[in-house]
Amino acid sequence: MYTAYTFVCFCSKIRKTTDEIESEKLAKGIHECVMEMIKKREEKIVTGEADSFGNDFLGLLVNAFHDSDDKNRLSVEDLVDECKTFYFVGQEMTKSLLTWTVLLLSIHSDWQEKARREVIEVFGDKNPHSEGISKLKTVSKTAISDDFNSVHYQRLINYKFILLTDELDHL
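Per this note's numbering, residue 50 is the first one in the sequence shown, and the count goes up by one each step.
Source of the hints: derived by calculation from the structure; they are not laboratory data. One should not assume that every hint holds.
Pairs of lysine to aspartate or glutamate residues, derived as DMTMM-like cross-links and limited to a Cα-Cα distance of at most 25 Å, are as follows [said to hold, decoys possible]:
no., residue 1, residue 2
1, 133, 105
2, 184, 167
3, 89, 130
4, 88, 118
5, 88, 126
6, 77, 131
7, 93, 127
8, 88, 127
9, 144, 130
10, 133, 68
11, 133, 167
12, 93, 180
13, 93, 116
14, 133, 116
15, 74, 85
16, 77, 126
17, 175, 162
18, 184, 174
19, 89, 100
20, 133, 81
21, 93, 81
22, 184, 162
23, 144, 105
24, 93, 126
25, 133, 159
26, 120, 105
27, 120, 130
28, 74, 141
29, 120, 131
30, 93, 141
31, 133, 92
32, 65, 130
33, 77, 118
34, 93, 69
35, 133, 174
36, 93, 131
37, 88, 131
38, 144, 167
Since the structure is predicted, the reported quantities are computational estimates derived from the model, not experimental observations.
Using the sequences and the hints, build the whole thing.
Here it is, written out as structure tokens:
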């Protein structure tokens with residue numbers, strides 16, 4: 050005897066949900082974007098604009114993709130997966146760095162004021178741009194500050210972690 054649950058499960062295998070369709074579109078878009086970058090590198094070799102695929106991460110992957118040795122050759126899917134991994138790790142690292150910078154600036158109001166003055170001095174009323182951002186020394190120092198390694202923050206983090214694990218144990 051078939052139940053309503055069996056019918057729903059059967060139908061869900063035939064018909065895709067909106068999320069599944071959107072996910073497939075995004076995956077296809079990412080794949081096409083990476084393949085377009087690869088084709089541009091290959092065209093530069095063919096037209097003579099470049100003599101190699103480059104020595105950056107993508108260039109090394111494209112070299113592995115074109116490797117004459119089958120054992121060392123990278124498949125298209127592996128190449129795309131490596132690019133996606135590199136991209137998303139970069140996103141996470143940037144997010145963490147920005148979060149840490151904002152936290153340090155919120156804790157140290159003197160740094161915050163100095164950084165604010167520096168931003169106004171460099172940009173004035175204009176929108177930030179890459180050339181000016183490299184001139185922001187206070188923000189750069191805050192982002193790479195060694196305060197995270199200080200005993201005070203380590204103790205605070207360990208304390209909060211212990212509180213969290215104790216709360217989870219009581220659930």
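How the hints compare with the structure:
no.: 1; hint: 133 x 105; verdict: holds (15 Å)
no.: 2; hint: 184 x 167; verdict: holds (9 Å)
no.: 3; hint: 89 x 130; verdict: holds (19 Å)
no.: 4; hint: 88 x 118; verdict: holds (21 Å)
no.: 5; hint: 88 x 126; verdict: holds (15 Å)
no.: 6; hint: 77 x 131; verdict: holds (15 Å)
no.: 7; hint: 93 x 127; verdict: holds (22 Å)
no.: 8; hint: 88 x 127; verdict: holds (16 Å)
no.: 9; hint: 144 x 130; verdict: holds (21 Å)
no.: 10; hint: 133 x 68; verdict: holds (20 Å)
no.: 11; hint: 133 x 167; verdict: violated (36 Å)
no.: 12; hint: 93 x 180; verdict: violated (28 Å)
no.: 13; hint: 93 x 116; verdict: holds (18 Å)
no.: 14; hint: 133 x 116; verdict: holds (21 Å)
no.: 15; hint: 74 x 85; verdict: holds (16 Å)
no.: 16; hint: 77 x 126; verdict: holds (12 Å)
no.: 17; hint: 175 x 162; verdict: holds (19 Å)
no.: 18; hint: 184 x 174; verdict: holds (16 Å)
no.: 19; hint: 89 x 100; verdict: holds (13 Å)
no.: 20; hint: 133 x 81; verdict: holds (12 Å)
no.: 21; hint: 93 x 81; verdict: holds (18 Å)
no.: 22; hint: 184 x 162; verdict: holds (17 Å)
no.: 23; hint: 144 x 105; verdict: holds (23 Å)
no.: 24; hint: 93 x 126; verdict: holds (22 Å)
no.: 25; hint: 133 x 159; verdict: violated (39 Å)
no.: 26; hint: 120 x 105; verdict: holds (22 Å)
no.: 27; hint: 120 x 130; verdict: holds (18 Å)
no.: 28; hint: 74 x 141; verdict: holds (23 Å)
no.: 29; hint: 120 x 131; verdict: holds (17 Å)
no.: 30; hint: 93 x 141; verdict: violated (31 Å)
no.: 31; hint: 133 x 92; verdict: holds (22 Å)
no.: 32; hint: 65 x 130; verdict: holds (24 Å)
no.: 33; hint: 77 x 118; verdict: violated (28 Å)
no.: 34; hint: 93 x 69; verdict: violated (37 Å)
no.: 35; hint: 133 x 174; verdict: violated (37 Å)
no.: 36; hint: 93 x 131; verdict: holds (22 Å)
no.: 37; hint: 88 x 131; verdict: holds (17 Å)
no.: 38; hint: 144 x 167; verdict: holds (22 Å)
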